[in-house]
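Generate the whole structure from the sequences, applying the supplied hints.
Line order of the protein sequences matches chains A and B.
Numbering of the first sequence is given in numbering that gives the first Met the number 0, commencing with residue 0 and proceeding in unit increments.
Numbering of the second sequence is given in numbering that gives the first Met the number 0, commencing with residue 0 and proceeding in unit increments.
Bear in mind the hints are in silico, worked out from the structure with no lab data behind them.
Certain hints may be false.
To be verified - Keeping only pairs whose Cα atoms sit at most 20 angstroms apart, straight-line, the calculated DMTMM-like set for lysine to aspartate or glutamate is:
no. : chain 1 : residue 1 : chain 2 : residue 2
1   : B       : K49       : A       : E412
2   : A       : K11       : B       : D56
3   : A       : K313      : B       : D56
4   : A       : K257      : B       : D140
5   : A       : K175      : A       : E284
6   : B       : K166      : A       : D19
7   : A       : K11       : B       : D184
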Amino acid sequence: MGQTLFDKVWDKHVVDTIKDGPQIIYIDKHLIHEVTSPQAFNELTQRNIPIFRPQQIVATADHNTPTIDQHLPVKDALSRNQLKQLTENCKNNNIELYGLGHEYNGIVHVIGPELGITQPGMTIVCGDSHTSTHGAFGTIAFGIGTSQVAQVFASQCLLMNKPKKLRVNVNGKLRKGVLSKDVILYIIAKLGTNSGTGYFCEYAGNVFEEMSMEGRMTVCNMSIEMGARGGMIAPDETTYEYIKGRKFAPKNDDFDKKIAYWNTLKTDEDAVFDLEYSFDATDIEPMITYGTNPGMGIKISEAIPSLNDASFEKSLAYMNFEKGEKLLNKPINYVFIGSCTNSRIEDFRIAANYVNGRQKASNVNAWLVPGSQQVAKQIVEEGLDIIFATAGFKLRQPGCSACLAMNDDKIPEGEYCVSTSNRNFEGRQGQGARTILASPLVAAATAVAGKIVNVLEETSTLELV
Amino acid sequence: MEKFERLISTAVPLPTENIDTDQIIPARFLKATDKQGFGDNVFKDWRYHKDGSINTDFVLNNSHYSGSVLVAGNNFGCGSSREHAAWALAGYGFKVVISSFFADIFKGNALNNGILPIQVSEDCLRTLLQLITENPNTKIDIDLENQVLQVVGKVIVEKFEIDTYKKVCLLNGYDDIDYLVSNQDKIVAYEQEHQF
Numbered sequence: 000m001g002q003t004l005f006d007k008v009w010d011k012h013v014v015d016t017i018k019d020g021p022q023i024i025y026i027d028k029h030l031i032h033e034v035t036s037p038q039a040f041n042e043l044t045q046r047n048i049p050i051f052r053p054q055q056i057v058a059t060a061d062h063n064t065p066t067i068d069q070h071l072p073v074k075d076a077l078s079r080n081q082l083k084q085l086t087e088n089c090k091n092n093n094i095e096l097y098g099l100g101h102e103y104n105g106i107v108h109v110i111g112p113e114l115g116i117t118q119p120g121m122t123i124v125c126g127d128s129h130t131s132t133h134g135a136f137g138t139i140a141f142g143i144g145t146s147q148v149a150q151v152f153a154s155q156c157l158l159m160n161k162p163k164k165l166r167v168n169v170n171g172k173l174r175k176g177v178l179s180k181d182v183i184l185y186i187i188a189k190l191g192t193n194s195g196t197g198y199f200c201e202y203a204g205n206v207f208e209e210m211s212m213e214g215r216m217t218v219c220n221m222s223i224e225m226g227a228r229g230g231m232i233a234p235d236e237t238t239y240e241y242i243k244g245r246k247f248a249p250k251n252d253d254f255d256k257k258i259a260y261w262n263t264l265k266t267d268e269d270a271v272f273d274l275e276y277s278f279d280a281t282d283i284e285p286m287i288t289y290g291t292n293p294g295m296g297i298k299i300s301e302a303i304p305s306l307n308d309a310s311f312e313k314s315l316a317y318m319n320f321e322k323g324e325k326l327l328n329k330p331i332n333y334v335f336i337g338s339c340t341n342s343r344i345e346d347f348r349i350a351a352n353y354v355n356g357r358q359k360a361s362n363v364n365a366w367l368v369p370g371s372q373q374v375a376k377q378i379v380e381e382g383l384d385i386i387f388a389t390a391g392f393k394l395r396q397p398g399c400s401a402c403l404a405m406n407d408d409k410i411p412e413g414e415y416c417v418s419t420s421n422r423n424f425e426g427r428q429g430q431g432a433r434t435i436l437a438s439p440l441v442a443a444a445t446a447v448a449g450k451i452v453n454v455l456e457e458t459s460t461l462e463l464v
Numbered sequence: 000m001e002k003f004e005r006l007i008s009t010a011v012p013l014p015t016e017n018i019d020t021d022q023i024i025p026a027r028f029l030k031a032t033d034k035q036g037f038g039d040n041v042f043k044d045w046r047y048h049k050d051g052s053i054n055t056d057f058v059l060n061n062s063h064y065s066g067s068v069l070v071a072g073n074n075f076g077c078g079s080s081r082e083h084a085a086w087a088l089a090g091y092g093f094k095v096v097i098s099s100f101f102a103d104i105f106k107g108n109a110l111n112n113g114i115l116p117i118q119v120s121e122d123c124l125r126t127l128l129q130l131i132t133e134n135p136n137t138k139i140d141i142d143l144e145n146q147v148l149q150v151v152g153k154v155i156v157e158k159f160e161i162d163t164y165k166k167v168c169l170l171n172g173y174d175d176i177d178y179l180v181s182n183q184d185k186i187v188a189y190e191q192e193h194q195f
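Structure below.
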């Protein structure tokens with residue numbers, strides 16, 4: 000029987016198998032940040048265990064960093080202390096840190112790929128559930144808890160039971176104005192938030208093959224929102240073109256040799272999945288969420304479903320929405336474009352293209368947060384910053400920002416925020432804040448209109464996708 | 000890690016589905032650099048209103064319900080990988096969480112902190128929630144050694160599954176670090192073979 004892409008990468012990383020138990024899986028790259036690493040460093044210090052392979056670890060500060068005045072000392076004492084600990088821990092253990100102000104600083108799942116650290120066939124972990132993002136490169140990448148961060152520190156390995164295999168196929172032609180974010184929100188809305196639990200997901204079909212790497216990252220990023228530990232897309236020419244020439248990418252002959260190997264990382268035709276779903280691309284519209292988990296999504300033109308279920312009703316009560324209500328024309332005062340889901344250059348190009356020649360609505364506070372210093376630099380190089388400024392938008396500095404509102408970027412209580420991030424949980428963007436997940440195009444259109452509008456009805460979107 | 004002993008306890012019913020780790024411990028409490036004190040903030044925004052007043056509708060503020068077992072709705076622990084959620088539950092005093100389904104990362108984090116996640120059928124969950132809600136003195140007996148959950152004084156007995164390796168870890172208080180470090184020779188051999 001043939002092997003899946005997942006099998007091929009997994010099997011190559013098995014160090015040992017415990018009888019009737021888990022396998023020891025080797026981890027090629029370990030990404031760390033300030034929030035989920037300090038207790039792991041403490042654990043090793045207390046047990047007098049050294050960091051086993053510090054050169055395979057890369058650190059950044061992202062979750063708890065301000066997005067304005069980054070050159071000044073961080074105001075919040077607890078945040079400042081957490082950042083200081085990361086710096087000290089990295090220094091004491093010879094770990095490469097791209098801290099606040101560093102030219103490579105940014106959201107961990109943005110900088111890994113853009114620096115060429117993320118490569119096909121690797122295993123990558125990070126104490127962050129959106130590590131699934133890196134699966135866009137044909138990588139086994141998944142989020143881990145802090146105990147597991149300590150395990151990887153101590154051994155460069157994890158004890159894991161091999162997950163089951165799921166494939167989601169999307170074929171057909173996407174409508175103009177339908178972006179990768181809509182594709183993944185559609186899949187999660189169809190399958191639910193726990194459909195992928197216990198599985199690793201492969202995304203296949205012409206829709207993913209035709210996507211840019213940025214689009215593929217957006218899709219794989221949200222795998223965890225349907226419960227899957229990770230998502231993968233087979234590497235191809237688009238992948239190689241993206242990696243080529245990046246800072247840590249293999250060079251010259253090494254690159255050619257790697258490509259020969261990477262080309263083998265495809266699911267065999269006779270491989271069997273434990274579970275498989277197929278969707279028609281033409282059915283997908285721009286999507287928005289109406290509830291408090293990412294599975295509660297609808298096409299932007301649809302009405303909220305009417306279910307008689309206590310958890311569903313609790314969710315609608317939190318959002319202050321009614322069953323059967325449509326969200327088009329709903330006034331919105333906050334828009335967030337950012338997060339590890341949608342803060343790459345393509346996302347800002349899409350937003351800039353839309354707002355070019357238009358003006359931000361006066362009722363809207365729009366926060367535009369690039370995913371990294373490199374993205375911020377490219378925004379300026381491409382002149383997008385001028386387009387945003389002319390349209391009344393201000394760019395902030397890189398970080399996770401209002402996606403999880405650990406820093407000061409919080410949406411006020413009771414306010415709606417159309418957000419390009421990944422989670423619409425209660426209080427996710429601030430206590431009492433109400434999150435509506437959407438694509439960067441829908442977010443930009445909301446910021447201009449001051450309300451939710453159907454971008455499909457606008458001819459100007461035709462040039463975008 | 001502490002050994003997991005046989006446990007007989009009253010339980011707290013929380014039937015809400017899809018309880019995510021942002022609810023268990025909101026992100027603004029993740030700034031600590033140790034594992035202490037998270038129990039004070041478990042379910043913070045459900046226990047307290049924004050002005051700091053107590054939400055008397057929330058079950059943890061209902062003095063009738065207590066115990067080291069939390070019985071929760073389907074898909075418990077989804078969302079963020081933050082292990083702070085497990086630290087918060089443990090810090091509050093929970094040793095067992097029962098649900099009809101657990102999110103993957105949370106389940107692992109719980110086990111790595113001596114909290115036993117027990118997956119039961121939808122029917123069993125419904126029965127447990129009903130019994131506990133109606134009679135807060137209902138006691139649940141959890142026998143990890145034999146993988147059996149019983150309601151004391153009732154005929155309800157449910158066998159539950161747990162990974163054999165993890166069961167040994169919990170019963171003996173072992174964690175994965177010791178095991179992995181003891182295998183470093185194999186790991187080095189793997190690295191040499193794969194030219195790292």
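Of all the hints numbered above, which does this structure not satisfy? Sort the numbers upward. 2, 4
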